[in-house]
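Please take these sequences and the hints and turn them into a complete structure.
Heads up: the protein sequence lines correspond to chains A and B, in order. At position 105 of the first sequence the residue is numbered 105 (our numbering), and the sequence of numbers has no breaks. At position 130 of the second sequence the residue is numbered 290 (our numbering), and the sequence of numbers has no breaks.
Derived by calculation from the structure, the hints in this document are not laboratory data. Just so you know, even glycine gets a beta-carbon here, dropped at the ideal spot from N, CA and C. Just so you know, not all the hints are guaranteed correct.
Unchecked claim - Under 8 Å between C-beta atoms, here's a sample of chain B residues computed to sit facing chain A:
no.	residue
1	Thr-166
2	Pro-169
3	Asn-171
4	Val-172
5	Ala-176
6	Ala-180
7	Phe-184
8	His-191
9	Ala-193
10	Leu-233
11	Asp-234
12	Pro-242
13	Leu-245
Said to hold, decoys possible - Label pairs and their in silico Cβ distance ranges:
no.	chain 1	residue 1	chain 2	residue 2	range
14	A	Glu-141	B	Pro-248	44 to 52 Å
15	B	Arg-214	A	Asp-59	26 to 34 Å
16	A	Thr-128	B	His-349	47 to 55 Å
17	B	Pro-165	A	Thr-128	18 to 26 Å
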Amino acid sequence: MPPIVPAHLPPFQRFLDTHSARVWRYLVGMVGPLDADDCFQESFLAALRAYDRLRPGSDERAWIMTIAHRKALDHLAAGQRRARPTASVPEVAHHDPAIPDDALWQRVRGLPPKQRAAVTLRYAADLTHAQVATALGCSEEAARRSAHEGLARLRKETTS
Amino acid sequence: MTQLPTPAPPNVAEGAATAASTRFADTALAHDAVDVTYATLDTPVGRLVAVRTRAGLAMLSYEDHRGGLDAILDVAAARLSPRVLEAPAALDDVRRQLEQYFAGDRTTFALDLDLRLASPYTQRVMRATIAVPFGTTVTYATIATALGNPKASRAAGRALGANPIPIVVPCHRIVGSSGRLTGYTGGMHRKVALLELEGLVLG
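This is the structure we're talking about:
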């Protein structure tokens with residue numbers, strides 16, 4: 001039986017509600033809890049602007065994670081250019097004074113970009129390797145390998 | 161490949177993603193990227209869903225009479241634009257004017273309307289209905305006559321049954337011949353409540 005393809009896109013609010021928690025986890029893993037909100041706002045703004053180009057019935061999750069991944073990379077590249085002093089006080093501090101950020105994910109952010117992205121998409125955003133591949137624009141095999149290499153490196157750092 | 165232990169997802173602050181989603185309505189409005197905004201409004205005649213476009217208020221639906229919030233938003237997404245976001249602040253004037261109306265402090269609404277969801281005939285019936293003053297009633301036949309066809313009172317009644325903006329377009333003020341209350345989009349008890357609010361003694 002062919003899959004039922006809806007005739008219309010769902011209202012964007014429903015799309016946002018469906019994907020916000022996963023995008024948030026991914027961005028916290030990628031850029032850290034302080035910068036996650038900037039990337040979150042930019043990701044969903046880009047998605048809203050391009051929303052009418054999303055075909056009804058296509059893989060919404062892979063689509064929004066591709067956008068979030070690009071925004072995270074842009075943010076990281078801009079951060080390197082800015083070379084911000086680590087002691088600078090962040091402006092954010094929205095709602096929760098104690099923003100949790102476990103040591104492991106701080107180390108994930110020390111991985112090379114490809115490994116970091118693959119590990120974060122797979123284990124923070126809980127995507128399948130196929131969806132990780134779509135977001136990264138690489139083959140499923142390459143996505144699997146990057147995640148594996150990232151994990152191996154994390155383990156080596158832990159044990160050495 | 162060897163099996164490696166997999167990391168648990170990062171801890172995220174409770175409610176952080178929801179808070180970011182809520183802030184997103186402001187982001188989208190600031191960038192003029194949203195086409196349709198909505199809010200739910202609690203009133204003495206039940207919960208309403210108000211939907212607005214850049215042109216004006218397009219829907220004011222009784223939540224329990226149009227299949228619930230999801231169904232109302234599906235209509236908005238399909239027929240107005242899928243760029244739909246909940247943005248209570250964008251409906252502040254609608255909320256305020258309705259509060260004044262229900263408090264007895266307002267007899268006409270000063271809101272831009274987007275009539276796109278209504279057929280051309282229904283739009284004509286709606287325009288004629290807006291002209292009926294607070295606290296008065298006219299018959300469907302009067303509306304039909306005003307539109308040039310005295311025999312079309314049933315069609316006028318059907319058109320008002322499809323009124324997407326009740327209360328603001330006061331279809332509750334339109335009654336059957338000899339003043340009998342007939343149907344109402346939100347249920348007869350609401351028609352009665354609205355007319356009593358406007359000071360009409362019924363029964």
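We went through each hint and held it up to the structure:
no., hint, result
1, Thr-166, "holds (6 Å)"
2, Pro-169, "holds (5 Å)"
3, Asn-171, "holds (4 Å)"
4, Val-172, "holds (5 Å)"
5, Ala-176, "holds (6 Å)"
6, Ala-180, "holds (5 Å)"
7, Phe-184, "holds (5 Å)"
8, His-191, "holds (6 Å)"
9, Ala-193, "holds (5 Å)"
10, Leu-233, "holds (4 Å)"
11, Asp-234, "holds (7 Å)"
12, Pro-242, "holds (4 Å)"
13, Leu-245, "holds (5 Å)"
14, A:Glu-141 / B:Pro-248: 44 to 52 Å, "holds (48 Å)"
15, B:Arg-214 / A:Asp-59: 26 to 34 Å, "holds (31 Å)"
16, A:Thr-128 / B:His-349: 47 to 55 Å, "holds (51 Å)"
17, B:Pro-165 / A:Thr-128: 18 to 26 Å, "holds (19 Å)"
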